[in-house]
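A.B. asks: Letter by letter, the chains look like this.
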Amino acid sequence: MMEQEILLGNGAIARGLIENGCHMVYSYPGTPSSEILPEVVRYKKTLGLNTYIEWSTNEKVAFDNAYTASITGKRSSVIMKQVGLNVASDSLMSSAYTGVKGGMIIVSCDDPGPHSSQTEQDSRFFAMFSHVPVFDPSDPQEAKDMVESAFLLSEKYEIPVIIRSTTRICHAMQNVTLGTIKECERRADFRKDTSRWAATPKFRYKLHKELNKKLKKISEEVSSREDLNYVSFPGDTFPFGIISSGVSYSILKDILSDMEIFGTVPVLKLGVPYPFPERLVEDFCNRCKRILILEDTDLVIEMLIKRNEKILGRSTGHVPSEGELTPEVVYSSINSACSVPVKDEERDFITSVKSALQAKDLPVHRPTLCPGCAHRASFFAIKKVFPGGIFPSDIGCYTLGINLGSVDTVLDMGAAITMASGFYQAYHQDGVFQPVIATIGDSTFYHSGTSALINAVYNKARFILLILDNSITAMTGMQPTAGTGEKADGTMGNPVALSELVRGCGVNWIREVDPYDLTTLISTLKEAGDYIKEIGIAVIIAKHNCILHTKKKQDLTRKKVFIKDNCTGCRYCVKSFECPALVYDENRKKVDINRKICIDCGVCADINVCPFGAIGT
Amino acid sequence: MEQEFIIAGLGGQGVLFLTRILSLIAQECNLPFIGSEIHGMSQRGGSVVSHFRIGNMKGPLVREGRADVIFALEESEAYRNLFFLRGGGKIYVDTGKDFPLSPFKEILLKRNVSAVTINATDMATEISSSSSANLVLLGCYIASEEQGLTREAAEKSISKIGKARVVEKNLEAFIRGFESSQLSTIRSGNKAEN
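Residue numbers (numbering that gives the first Met the number 0), protein chains in the order written: chain A, 0 to 616; chain B, 0 to 193.
Treat the hints with care, as some may be off.
[Said to hold, decoys possible] If you want a taste of the chain B side facing chain A, the calculated C-beta under 7 Å gives, among others:
#1 Leu30
#2 Ser46
#3 Gly54
#4 Ser101
#5 Phe103
#6 Lys104
#7 Ile106
#8 Leu108
#9 Arg110
#10 Ala142
#11 Ala152
Everything labelled a hint here was simulated from the structure, so no lab data went into it.
The C-beta atom is built at its ideal place from N, Cα and C for all residues, glycine as well.
Generate coordinates for the entire structure from the input sequences, incorporating the hints supplied.
C.D. replies: Put into structure tokens, the structure is as follows:
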């Protein structure tokens, strides 16, 4: 029997890279893609491979590095979540023209739902936009297997290739059949060719023409590749057929099997939706009267089919245009396209449970900052000192500062700073001084904070920036940052100090505070408030290690807190400090401490959290 | 064997750990499986649901009304996911309270669903920490399991994750659940009345 290993889709993709001799791997963490690089690290360590693995400072940086590895002839990969591809899109567009040498795979993980993202964008559009092929796997095993085809295609046509995964593949868990590992064999050999690697516009026209030729050939090739596509067509013609790709196909297959019609309804599953396998689709469409399209997340296949009078899908309202294609959605889409029998008993049960749930007032479990998280202290202090402030924030755990009323905007990576300067200038034009207090995490600052800060300094904006430095990329699962200098494989690189970086951006007022010392943080914020009235940008580095990360490494300084008898039950602490360990006891009409989750950080014992001093240590 | 599971709880309660253990058990029993986890923001204390399917399925998600078993590590998350249960299914809930209350009790009775309640967190806390409550529920389930998943496979799987001291405590929690399956309260559904 072939060797198997239980892997997440992300692990399967990592395995695919290693099996195909890809030993230059770059990434910036982001759910649902974050586990791919650590899985490559795991294989490197357990198998003793010579693999270069890098958490880059952002996706564009990661992309360019991987691209460079590829033009030296090595196989390379760059891995990111879908919005990371926005950041790397400048590089993507240009690299399609120049092409690559060693195979290059861009793994972009979409998040239909969305579960952990600001958009539901479909990376396959980026494939179309940039004119590079995109593979659309339907489960972890196929995601691994496609890595081989993707590398071969990339090298045959000297073109970067996207593997588009989605949350339900990245985080699907399966017993994956493994292949053999291929060690790093190629040596860097960059062959100079300025008409390609440094192409001026005149040469770009030529490269564009070559790119279009490549795409035509690839379309022909993928049309005839039985290993990439699946066609099931009983008989010559049929009144109804389904075209699908990605995880939607897996869900579809189960539902058709459940209805005992898998194999009797024509199904075409596309492995490479772009460049569009026109011949294959054309043939399928000619033999069906109506065709339902099921694909995550947007209408790519649907748009590329020329025979659209036959098509049922998002454009006709048969498939919803937002959200995940869950089994329920797939089922109702099939049902709306061609009436199928529904089990009444099952439907009645689901409906009655759901309506009873609506009537029942269940406690809502919203995500919240962990008990003992230092960000909580920072957000509490900001709100306390600047009740009338505007609070732009950013992407990370600290987005949850919305629960404390200290986060007003979240746009994209780095926007805490760009929006802070934006707010300042908009009010300043009217002669109004509006306090703006921005928050950004350390990893996000390294990702895209510096250009924003340089711009703000240069253009004389005035605001307070708190860099919430927990010395880790926490939300995505504890990836190291440039601040500590720890690299992806645990070895040490060179740490890049935040304070020096901020000073280098032209900021003259910089303070470092541990937010656990709430009293000092509050006085520092007041001082910063004075500075921004007249002079410029004030940066506070609020430094305290992530408690989830620290817990594993060292003991925290314990400060057991208790609620004194003079608690008035006003719930000020519960509402404004919002620690899950502070709970209001309805019976006693007093606040209580949930000892199961309290980590004894002792921050809530600060006089500012209880106006009556009823929380003691 | 085909069996579909929903594992529901709050971020940090060990939903993903239990899913991982189930996958190891299935592997140990040579059964094909696919599951789905959710990572990211919801892990910060929010509702977390994972899906796990044993059998020759291709999709990672359990359909509504089709779960054979639900493990609920928290009571309100138990209610929130009830609609996943199939007729004759079973839900294991970590609670000391009456479950399910009206009108869910009647709805589930009609569907012949059994609810097993067990004070798993308290039991796990006695042994080591509340975080192994998930294994108490698992033990309870394996004890009543008549199909392919065995106690041996479960214990072997639990032994594969973590350091020796953690494994010992985890096994203890599992065995406590296994042995107390007779003590747990089974409400609603015809099975309970037999």
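A.B. asks: Kindly indicate which numbered hints from before are broken by the structure, ordering the numbers from low to high.
C.D. replies: 1, 3, 4, 6, 8, 10 and 11
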